[in-house]
Amino acid sequence: MKKLTLCLGLTLTQIMASTQLMAMGEDQPRFSKVLFDQLEVRDTDEGRVLGWEMDAWYGGDINKLYFASEGERLMAPEEDDEDPATEGAETRLAWSHAFAPYWDWQLGVRRDWQPDDPNRDWASLGVQGVAPYWFEVNANLFVGEDGLTNLRLEAEYELMLTQKLALVPSVEANIYGKDDDELGIGDGLTDIEAGLRLRYEIRRELAPYIGINWEKQYGDTADLTRASGGKTEEGMFVAGVRLWF
Amino acid sequence: MNTRHPFSLPRRRFVQGLALGAAGLGMGLSPRQLLATQGHTGAPILEGDTFHLTLGGADVNITGKSRPATTINGGIPGPTLRWREGDTATLKVTNLLPETSSIHWHGLLLPFQMDGVPGLSFDGIQPGETFTYQFPLVQSGTYWYHSHSGFQEQTGIYGAIIIDPKTPDPEPFDREQVVMLSDWSDEDPQHIYATLKKLSHYYNFNERTVFDTLRDFREKGVMKTLKDRHMWNRMRMSDRDLADVTGYTYTYLMNGQSPNGNWTCQFNPGERIKLRLINASAMTFFDIRIPGLDMKVVAMDGQPVKPVDFHEVRLGVAETLDVIVAPKNDRAYTLFAQSIDRSGFARGTLTPDPAMTAAVPEMDEPPLLGHTEMGMGAMAGMDHSMMNHGGMDMSGMDHSTMNHDMPNMEHGNNAVPFAVDPANPDLSPRDSATEHLASEHSPEVDMRAMAPGEMLADPGIGLRDRKWKVLTYADMETLGGPPDSLHPDREIVLHLTGNMSRYMWSFNGTPFADATPLELYHHERVRITLVNDTMMTHPIHLHGLWSDLELGNGKLLRKHTITVKPGEKLSYLVRADALGRWAYHCHLLYHMAAGMFREVRVVKNKGDMDAMPMMNHHQHGEGA
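Residue numbers (this note's numbering), protein chains in the order written: chain A, 1 to 245; chain B, 1001 to 1624.
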């Protein structure tokens, strides 16, 4: 979270700088955007969890510095003996380059922060953009230490109900190329997460929403979770706000 | 009132009309100039040949909030400058803004150093400095002037120019009135630009919803709807994308007055009134009409045209149109100018009695873009009877029967082969005007017109099903026949290109920052063919040189700004008779900023150009 705050601070400074742009296009002005696509409370079996998914960029039309972060923090544990704590977070810093009208490739690094488990560092290569039929698509291949690989596929769709009300289905799948025993992850398809969020844009930049989220583990990962007495599937209500600037 | 539009007049932003802060008011005016009549425009009219203009900041209240603006002599619009053809104009322009500024005299022929484009004509006017413009007035008509620095044009630095002709006006009138249309936002224009870069459809609140698609299922059938939607969805294009910046943030002004301010022109029934319509907005195409009153066009872009009666016209950004109206009855008329996307309107009243007003028409339904705008074939032959735009059921039209080129619009045998120009290396030769260059296949370009058509007689999106006459370029012709040769020495093809979602705009897929100047050779006659590969309408303005639009059949329409519709291909002839560095750009302010801009250099003949036939240098009136 400190990193996140630092990043936001930097971005704000850059926004101030970008207002000095020239209007005649003589020099390439740079812009920045910070988007919290999900900033929400999740009603989970462990207790109330704050979850976030955000990204930010700074740069010109073709080349951008890209930052993304997602994670969860347990706010109000169900069990009295647990303390509020960040359960896990992931940050990614990448160079983003437009290679097609609707597509950017992204080359960078990812770090997973895990208070109780070892952190993981990855190199990342991804493609992000809008597919035909307006599906927002994000595909990333992560290559980590000890030959770990993780392929992540994400897709989201905005179904406009009115000019301000949008229903947003989303889906994310993770595939691992190799077991990560320390973290209890088996190879193959590890998990799928699907969400459905209904948001109302008070302004374009500010949209509270409610929704449901469903996660399920698969394959060896699910077996490992079951063996340690955990649940492999969970549905939950979420409520939050989407905001950008 | 049309209650479907949340941002139209009913929302009433408690518009106060224009209340200006006093800063800069009257500064630099000589007593003689202060005597100038206060017109109905709210803008003073300055007459003579020597003027002092002061560019300064002021707070204005147009929407109910006090917001910073940039002004000329303290007003928005700035004073109307009234000149005489044959005089030499001297303008001392003092910049009291904290940033560089400039004034560009839009549509005037003058030495390029006086053209007012920072970086090309001069360095701009630095804060606290005074720059003296001086140039002979070699033309007459209605023009305008505006800042060419930053986004100052959006925040108020614009005004009207009237140059009275040496010879008597061929169309006499009893009363005249400048009608200057513009778009005002309380937002900082730099914020608007940044917002478009972050979310290009930010200002569009007419997007397709699920219910629109369900309605289409009901009305057109599921299969047909899916088929229609397929094209748009596959291309990731919106058929609702008519304007980048809309009434969501804009208040549309007529002579500086908001719709509630109701700018009013008083007349006596029976008078012939000349309205000098000027679109001084940053981003807005206006569809202008006066319900109950015919208009007769007598000049466009300052240049007299053969008079034509009409009822409505779409005036592009930076274009001017002189019309004569002759209200005979003792009643009021509404001068109504709705934006192309129907997100708002400017409005004023022509009335014999200031207490009398007329009904304000409802805005139309926002039109939907169709195959024509997709560049999939122009509207056939302008046969209005076959156009069923009520439901915009255009996919049902059989494209095989549409003549993509109107036979009467062909250029005849004027065309010369596409020249390979060593001085313009980024202008690769094309096999045809519609062929796409490699530079147009890049992240900068999200679509390319497959079958752009000649659409000069097309009233344009949203105006095709009018029951009344909509003026088009094809209806007009420069008075007195072609003012210059019909035969070009050389041909240049430029495609208007862009990527809407990234908000990038360019010529030939190359934005200004990466482009080399276009070189024209002194006195040559060049045909510029423009192909619009985007789904937006672009007003293309060449500084310093006339753009003689080719109407076919030996007809030309002399203009300074030419509006190119989506999917359109058109051409115009340019006599490169003014040496120097000129700006050439889309006059939509944020498109220009994003890169739809080129420098045009008119240079002396080069050695390697000796072989090029330089014919008919000053053959005026040929082919009349």
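In short, the hints are calculated from the structure, not lab data. Some clues are possibly wrong.
Unchecked claim - The calculated DMTMM-like cross-link candidates involving lysine to aspartate or glutamate, where the alpha carbons are at most 20 Å apart (straight line), are: (1) A:K231 <-> A:E156; (2) A:K231 <-> A:E205; (3) B:K1198 <-> A:E145; (4) B:K1198 <-> A:E215.
Unchecked claim - Residues on chain A that point at chain B, a partial pick, calculated with CB under 10 Å: (5) F31; (6) F99; (7) A100; (8) V109.
As the list claims (entries may be wrong) - Derived CB-CB ranges, DEER-like: (9) B:D1059 <-> A:E79: 14 to 24 Å; (10) B:L1199 <-> A:E182: 50 to 60 Å; (11) A:T162 <-> B:H1441: 50 to 60 Å.
The beta-carbon is built from N, C-alpha and C at its ideal position, and this holds for glycine as well.
Do the hints match the structure? See the list:
Distance hint between K231 of chain A and E156 of chain A is unfulfilled; the C-alpha atoms sit about 26 Å from each other, more than 20 Å. Annotation: proposed proximity of K231 of chain A to E205 of chain A is violated, straight-line Cα distance about 36 Å (limit 20 Å). About 35 Å separates the Cα atoms of K1198 of chain B and E145 of chain A, which puts this hinted pair outside 20 Å; it is violated. With a C-alpha separation of about 31 Å, the suggested pairing of K1198 of chain B with E215 of chain A is violated against the 20 Å cut-off.
Taking 10 Å as the C-beta contact cut-off toward chain B, the hint placing F31 of chain A at the interface holds, the least distance being around 5 Å. Because the closest C-beta pair between F99 of chain A and chain B is about 6 Å apart, less than 10 Å, the hint holds. At about 6 Å, the closest approach between the beta carbon of A100 of chain A and any beta carbon in chain B falls short of 10 Å, and the interface hint on this residue holds. Restraint check, V109 of chain A versus chain B: the minimum CB separation of about 24 Å is more than 10 Å; hint violated.
The given range of 14 to 24 Å is broken by D1059 of chain B and E79 of chain A, whose C-beta atoms sit roughly 59 Å from each other. At roughly 41 Å, the beta carbons of L1199 of chain B and E182 of chain A sit outside the given window of 50 to 60 Å. For T162 of chain A paired with H1441 of chain B, a C-beta distance near 37 Å fails the hint of 50 to 60 Å.
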